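Protein chains: 2
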Amino acid sequence: MKRMTSYMHGYSDREAERLFDQSAILRQLLHSDVAYPAGSKVLEAGCGVGAQTVALAINSPAAQFTSIDISPQSLDQAKALIESQGITNVRFQQADILDMPFDDGSFDHVFVCFVLEHLDNPTRALVEMKRVLKAGGTITAIEGDHGSCFWHPETDESRKAWQAMIRVQQNLGHDPLIGRRLYPLLVQAGFEVKGVVPLWAYADASAPELLDGGINRILAPMMETAKEQALKLGLIDEATWRQGISDMRRASLPPDGSVFYTWFRGTATKGY
Amino acid sequence: MKRMTSYMHGYSDREAERLFDQSAILRQLLHSDVAYPAGSKVLEAGCGVGAQTVALAINSPAAQFTSIDISPQSLDQAKALIESQGITNVRFQQADILDMPFDDGSFDHVFVCFVLEHLDNPTRALVEMKRVLKAGGTITAIEGDHGSCFWHPETDESRKAWQAMIRVQQNLGHDPLIGRRLYPLLVQAGFEVKGVVPLWAYADASAPELLDGGINRILAPMMETAKEQALKLGLIDEATWRQGISDMRRASLPPDGSVFYTWFRGTATKGY
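Each protein sequence line maps, in turn, to chains L and W.
So for the first sequence, this note's numbering puts the first residue at 1; every next one is plus one.
So for the second sequence, this note's numbering puts the first residue at 1; every next one is plus one.
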């Protein structure tokens, strides 16, 4: 169960709330081009608390989703969420993404979002996803890249706190800069890659709600999940950390605050 | 003539070549949405060697362009370029962007690209551009943000060399991270801002020419223009610099290289 405990952001209620906020804010951006035909069998590999599952199921009401996660606790939250929305086309199952209890070629499509960045061996996971995919089936992989993020005003302290968060995740053997290598990862796993595209979000004071939500409900809370480890590992001192978070939140304020982040969406097929 | 000599990238033939390469690679990205009506008077504020002028004039063949620059040497190159292309709707004039020899309200539109990042006081320049613009006229401002750039594989040395380049420009009192604050700059100058949008470029091994061009004909040569100052100012040692440039060029290679950069385009109007 190592992978469960090494999910950097942890399993707190506050983190679940952050994931739902993030999903609500990013739904249009991440999911607008993701829809599956009626009757198709879709695997969501690593559904977590179901933050993406809702959008997936609503966008493709006649597809049949199987959403797996290694964490029973997360699956319980995901189930409750889906039921509360009256969604009926999702089946949940506890499973290890590196050794899934499905036959070869079981699914028409695979969807994986914000998962590869948290794995010891993302290529092995992609190979396993390819195994359970039918020949000709597609994979859609969405991952962020924390090295893509910048904000204004950007102080030394806010940059140092952000970098400390990146180091904490790297220290777990995971890759918070994985977005930029999604293309080679998919190629390496043996997929025929259709393309990798950036899905960016930018906000300035002309969109004060997005600016506030992006910073105060996604980025700063995400940084907070790394604080304890960052201090424990000596990656940053507490005074700098506090100043850094405070400066990051300052970037959410009009008239001059702004923020940019990009995710990457890769689409690929399994050859015949 | 201070501003002439403090153009960070210098005035060499090699730099002119870089600017033309950059323009050719980025033309579709930067100019596809920029077109002016027949008969309109457009000021290009800071045309340099004419790298953007060609695209502007070709996209709006019936508009009348006045392209100014502080450097007579750059203007000579721009003139030669425009003549070589058979373009006839551009008039060049040597002028200081902070004190232009034009009456109030002389132009229907202003276009400024890759200029504000090199000025001591970009807000003052924008106010001067607003002065020569007619009420109801538009400004289109395009600026990069060097803090937006990342690549794979990204080594410590390549990041340090890139950061040293940023520091050289900041040391001149200019802002290579200006893209992220284009919105507040336009607001501060008194424009009615319609919006600021990222114009991103991403390349991986699926687009080997763009990947090679982006790194070996734009980014690495741009870094080279800062080398002498970076070493002189003690921002980096020569061994780290050399390794950094070499590592940056490595990111241009298949199968796993990738690169991302974003510019920002702001559009705004002068109120009545």
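No lab work stands behind these hints, which were simulated from the structure alone.
A few of these clues could be false.
[Unchecked claim] Capping the alpha-carbon separation at 27 angstroms, the derived lysine-lysine pairs in DSS-like fashion look like this: (1) L:K160 <-> L:K232; (2) L:K134 <-> L:K194; (3) W:K79 <-> L:K160; (4) L:K227 <-> W:K160; (5) L:K160 <-> L:K227; (6) L:K41 <-> L:K194; (7) L:K160 <-> L:K134; (8) W:K160 <-> W:K232; (9) W:K194 <-> L:K160.
Bear in mind the structure is a predicted one, so any value in this text is a computation, not a measurement.
Which numbered hints turn out to be false for this structure?
-> 3, 7, 9
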